[in-house]
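Student: Read off the chains here:
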Amino acid sequence: MPVWLRGHSWRQSGSAVFLSLPVPGVRVTAANIFCTERYLKVSVPPFLFEAILYAPIDDTNSTAKIGNGIVFFTLYKKEVGMWESLTLENASKEKLQYLRENAVLKAHEKAKEETEAKKVTKREHKKYALEATMKLEEAERKRIEELKEQEKQKVTKELELWKDQLKDVENQKKVQKEGQLHEEVEQLKEKKKEKINKTSIPSEETLKTRLKPTKGCRGSCSMFSENLKEEQLPAPRSSGTIKINFTSRVFPTALRESRVAEEEEWLHKQAEARRIISADLSELKDLKEEEKNPDWLKDKGNKMFATGNYLAAVNAYNLAVRLNNKLPLLYLNRAACHLKLRNLHKAIEDSSKALELLTPPVPDNENARVKAYVRRGTAFCQLELYAEGLQDYEAALKIDPKNKTIEKDAEKIRHVIQGTMQN
Amino acid sequence: AGGAGAERPQVVSHVQQALSYTLFDCKWVPRSARLLCLGSAARGTGVLQLYELRAGRLALLREIEKAKPIKCGTFGAASLQQRYLATGDFAGSLNVWNLEAPEIPVYSVKGHKEIINSIDGVGGLGIGEGAPEIVTGSRDGTVKVWDPRQKDTPVANMEPVQGESKRDCWTVAFGNAYNQEERVVCAGYDNGDIKLFDLKTMSLRWETNIKNGVCSVEFDRKDVNMNKLVATSLEGKFHVFDMRTQHPTKGFASVSEKAHKSTIWQVRHLPQNRDIFMTSGGAGSLHLWKYEYPAQRSKKDSEGAEMGVAGSVSLLQNVTLSTQPISSLDWSPDKKGLCVCGAFDQTVRVLIVTKLNKV
Numbered sequence: 001m002p003v004w005l006r007g008h009s010w011r012q013s014g015s016a017v018f019l020s021l022p023v024p025g026v027r028v029t030a031a032n033i034f035c036t037e038r039y040l041k042v043s044v045p046p047f048l049f050e051a052i053l054y055a056p057i058d059d060t061n062s063t064a065k066i067g068n069g070i071v072f073f074t075l076y077k078k079e080v081g082m083w084e085s086l087t088l089e090n091a092s093k094e095k096l097q098y099l100r101e102n103a104v105l106k107a108h109e110k111a112k113e114e115t116e117a118k119k120v121t122k123r124e125h126k127k128y129a130l131e132a133t134m135k136l137e138e139a140e141r142k143r144i145e146e147l148k149e150q151e152k153q154k155v156t157k158e159l160e161l162w163k164d165q166l167k168d169v170e171n172q173k174k175v176q177k178e179g180q181l182h183e184e185v186e187q188l189k190e191k192k193k194e195k196i197n198k199t200s201i202p203s204e205e206t207l208k209t210r211l212k213p214t215k216g217c218r219g220s221c222s223m224f225s226e227n228l229k230e231e232q233l234p235a236p237r238s239s240g241t242i243k244i245n246f247t248s249r250v251f252p253t254a255l256r257e258s259r260v261a262e263e264e265e266w267l268h269k270q271a272e273a274r275r276i277i278s279a280d281l282s283e284l285k286d287l288k289e290e291e292k293n294p295d296w297l298k299d300k301g302n303k304m305f306a307t308g309n310y311l312a313a314v315n316a317y318n319l320a321v322r323l324n325n326k327l328p329l330l331y332l333n334r335a336a337c338h339l340k341l342r343n344l345h346k347a348i349e350d351s352s353k354a355l356e357l358l359t360p361p362v363p364d365n366e367n368a369r370v371k372a373y374v375r376r377g378t379a380f381c382q383l384e385l386y387a388e389g390l391q392d393y394e395a396a397l398k399i400d401p402k403n404k405t406i407e408k409d410a411e412k413i414r415h416v417i418q419g420t421m422q423n
Numbered sequence: 001a002g003g004a005g006a007e008r009p010q011v012v013s014h015v016q017q018a019l020s021y022t023l024f025d026c027k028w029v030p031r032s033a034r035l036l037c038l039g040s041a042a043r044g045t046g047v048l049q050l051y052e053l054r055a056g057r058l059a060l061l062r063e064i065e066k067a068k069p070i071k072c073g074t075f076g077a078a079s080l081q082q083r084y085l086a087t088g089d090f091a092g093s094l095n096v097w098n099l100e101a102p103e104i105p106v107y108s109v110k111g112h113k114e115i116i117n118s119i120d121g122v123g124g125l126g127i128g129e130g131a132p133e134i135v136t137g138s139r140d141g142t143v144k145v146w147d148p149r150q151k152d153t154p155v156a157n158m159e160p161v162q163g164e165s166k167r168d169c170w171t172v173a174f175g176n177a178y179n180q181e182e183r184v185v186c187a188g189y190d191n192g193d194i195k196l197f198d199l200k201t202m203s204l205r206w207e208t209n210i211k212n213g214v215c216s217v218e219f220d221r222k223d224v225n226m227n228k229l230v231a232t233s234l235e236g237k238f239h240v241f242d243m244r245t246q247h248p249t250k251g252f253a254s255v256s257e258k259a260h261k262s263t264i265w266q267v268r269h270l271p272q273n274r275d276i277f278m279t280s281g282g283a284g285s286l287h288l289w290k291y292e293y294p295a296q297r298s299k300k301d302s303e304g305a306e307m308g309v310a311g312s313v314s315l316l317q318n319v320t321l322s323t324q325p326i327s328s329l330d331w332s333p334d335k336k337g338l339c340v341c342g343a344f345d346q347t348v349r350v351l352i353v354t355k356l357n358k359v
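From first to last, the protein sequence lines stand for chains A and B. Heads up: the first sequence at position 22 corresponds to 22 in full-length UniProt numbering, and the numbers run straight through without jumps. Heads up: the second sequence at position 198 corresponds to 198 in full-length UniProt numbering, and the numbers run straight through without jumps.
If you're looking for bench data, these hints aren't it; they were derived computationally from the structure. Any given hint might turn out to be false.
Unchecked claim - Quick list of in silico lysine-lysine cross-link-like pairs, DSBU-like style, CA-CA up to 30 Å:
#1 Lys300(B) x Lys258(B)
#2 Lys174(A) x Lys193(A)
#3 Lys353(A) x Lys269(A)
#4 Lys167(A) x Lys355(B)
#5 Lys398(A) x Lys211(B)
#6 Lys336(B) x Lys167(A)
Unchecked claim - Some chain A residues well away from chain B (every beta-carbon gap over 12 Å; in silico):
#7 Ala30
#8 Glu366
#9 Lys412
Stated by the list, open to error - Derived list of chain B stretches under chain A, where covered just means 3 residues or more per stretch with a C-beta under 8 Å from a C-beta of chain A:
#10 25 to 36
#11 50 to 63
Bear in mind the structure is a predicted one, so any value in this text is a computation, not a measurement. All C-beta atoms, glycine included, are put in the ideal place defined by N, C-alpha and C.
Make the full structure from the sequences, and use the hints.
Tutor: In C-alpha cells form, the structure reads like this:
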C-alpha cells in the first residue's frame, strides 16, 4: 500500500497554478512524474501523490522543478480563470477512475504521435539528403558526358576533313595519271610516227587502234607503273624448310600457367610412388626378383582379373600394396576385383583409397578417377545405399560428361530412389 | 581508370555496326576511309564486307560471299595501287583477292591441312623493301611463307620434325624487313612456344616459352631493324621483348604485365608511334599502353656478353566496349588514332583515340 502524500501546498494566478509538493527523503526523477491534461501523478515508491485537476492544463508547456525533497510544479491553465480548488473535490470514485484511465490513454496516444512525427521528419531529412547527393552525382555525370560529347564532335569533324583530303588526293592522282598516260601515249605515237615516216606510210587508223588506251581505267594505269616496279623487286626467295621441335611436356594438354603448380604436385607424387618405400618386409627375402616389383605384380593381377581368377588377382594386388602403398592404380584394380567377388565394403574402401591418392585432380588422372567413382558408386548401389551411389556417379559424370553408360546408370539409380521414396 | 583526365588519351566510340555473321577479322583498306570485315555466316560460308565511313555511319559498299568461312586477312603484301587482300580460310586455303573483281582470286593455294589461324604480309604498301611475301600459321602446326609470284609451293616452310606431336600455331608476324635480304617471322603456338625464324639464313633464330597459349604477336614496326616484340597470351598476360640485343643463352629481355583478367586476344601497335600499342581482351575491354625505354638498353653480363634490358609499360587508358571478346583490332595507317575493332557480339566498332600527340 502506497503512502499518500498530503503535505502539498498550492497557489494560483490567472493563467497558472503553482504547486509545491514535499517528497521527504527520496530522490525524484522525471520518470516518477506523470502528467496529462487533467491528471497529475507523482509516484516514488512507497509514496504516491495524485490529483485530478480542477480544470485542464497545458501539459506540454508545464514544468516541474525537482529540488531537495520538494517538487515544484508550474502548471499553465488552458483557460484563464481562477480555480476554486486544486482538485475536483466532489468527484465520485468511478469518475476518478475514469479520469485516471483516460489520462493514461491520452498520454499514450500523445507519445505515439510524437514518435510518429519524429519518424516522419527523419524520413524527410533522409530523402532530402539522398536527393541532394543524387543531384550532385547527376551534375558530375553530365559534365563528363558533355566533355566526351565535345571530344566526339571535334574528332568527327577532323575525320570528315581527313576524308575530304583523301578524296582530293585521289582525284589529283587520277588527273595526274591521266595526264601521264596521255603524255606517254603521245610520246609513243611520236616515236612510231618517226619510224613509220622512215619506212612506209601505213593507214592512220591502224596506228590509232594499236595505241588506243582506255583512259581512266585503273587496270591499265597500274599496268604501266607495275611493270616498272616489278623490275625493282627481287626474285622470289629460294625455297627452304625449317624443322622445329616443340617444348617437351609430360602431359598431352597444352601448358597453362595456372595449372603448373597442380601438375608439378601430381608428377612429384607419381615419381615418389614409383620408388619402393616399404623397407621392413623380411618375409620378402625369399620372393623372386620380379615378384618384388609392384608394377610386375600389378600386371599379373590384371591378367588374372582378365581370366576371371579374382581371388588370385586380389592376392597379387595385396602383395603389391605391401611393397608400395602409394600406387593408386593398385587400389583401383583391387576394388574392381572386390566388386566381382561381392566384397562390397572392401570395394568401397579401395576405391576411396584410390581417390585419395589421385589428388591433385589433373587431366592426366581423369580416367582413373572416373573409374574409381564408378566402382564405388556400383558398390554403394549393390549395398542399396542409392543416395551415396548416385553421388559418386554424378561425380564421375562431372569429370567425363560425355560418357553415355554412366549417364544411363545414373538415371537408373535416380529412378530407383524415386521408386523407394514413393513407397 | 576510365575517367576524363585532362591530358590522357580518350577512346571515343565513333560508329557501331551490328552484323549478321560472326566477325573474325577487320582491316582498314590502306589510303582510304574504307574498312573490310571478314567472317563466317551462320550457314557456314565466308563473308567479306566492304564498308565506308560516311558522316557518322558505316555504309556497306560491297558484300562478297565465299565457300569457306574466312578467318583472317591482310593487305600487307599488296601494292598501294592494287590493294589486293590476302585471306586465310577455315579449310586452310590462302587466297589473294582483287576487291574490284572478287569472283576469282588472283592467287590461290591450299596451303594447309587445317584452318589458317593467322596471316601477315610484308613488302607491300610502300613500306619496307624486298619482295612482297605472305606468311600463314595454321592449326596443323606449320608456318608457311608465300610469294604471290610463285604458285603452289611456299618459299619457306616451318614444320614440326617427323614424329613430333604438333601444336596449333595461333599467330604469325613479319619483322626485321629493313632491307631486301633481311626478314624474320615470329610464330606463337598454343602451348606457349614463341619461335623466331630468320628467312635469310633459313634457320631458327630464337625460341622461348611463355607458359600460356600465345594469342597474338606483333613487332612494333615490320620494316625496321627489329626493335620490340609484343606477345599476348591466355590468362591475362602479355610480354614485351626488347629485340635489339640477343644474349647467346638468355635470348631477349622482356617485361610482362597482367591485364584484362582474361585472354588477351590481340595486340596492335600504333603505326604512327611504335611505342604505343593497344591490347584487346576476352572481357570486351581495350587497354592502351605506352612503353618506356630503360636508361640503358643493354648491359654486359658476368661473362661480358651483351644482354638486353627491358623497359616498362604504363597504362594510358582503358575502356570496356562489349561483354564478348574483342577478337580483332586494326589501326588506320592514314589517320592517327582511328581504329576499328570487331567483337564476338557480331558488332564492328570504329573508335577514335584522342590526344595521342600529347603522349
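Student: Now look at each hint and say whether the structure bears it out.
Tutor: Outcome of the hint check:
With a C-alpha separation of about 29 Å, the suggested pair lysine 300(B) and lysine 258(B) falls inside the 30 Å cut-off, and the hint holds. Restraint check: the Cα-Cα separation between lysine 174(A) and lysine 193(A) comes to about 28 Å, which is no more than 30 Å; the hinted pair holds. With a C-alpha separation of about 15 Å, the suggested pairing of lysine 353(A) with lysine 269(A) holds against the 30 Å cut-off. Simply put, lysine 167(A) and lysine 355(B) have alpha-carbon atoms about 25 Å apart, close enough for the 30 Å limit, and the pair holds.
Restraint check for lysine 398(A) and lysine 211(B): the C-alpha separation of about 27 Å stays at or below 30 Å, so the hint holds. This hinted pair checks out: lysine 336(B) and lysine 167(A) have alpha carbons roughly 17 Å apart, not beyond 30 Å. For alanine 30(A), the non-interface assignment is confirmed: its Cβ lies about 56 Å from the closest Cβ of chain B, beyond the 12 Å cut-off. No beta-carbon of chain B is positioned within 12 Å of the beta-carbon of glutamate 366(A); the least distance is around 19 Å.
The Cβ of lysine 412(A) sits about 39 Å from the closest Cβ of chain B, beyond the 12 Å cut-off, so the non-interface label holds. Counting residues of the stretch 25 to 36 of chain B whose CB lies closer than 8 Å to any CB of chain A gives 3, which reaches the minimum of 3, so the coverage claim holds. Remark: the stretch 50 to 63 of chain B is confirmed as covered by chain A, as 3 of its residues place a Cβ nearer than 8 Å to a Cβ of that chain, reaching the required three.
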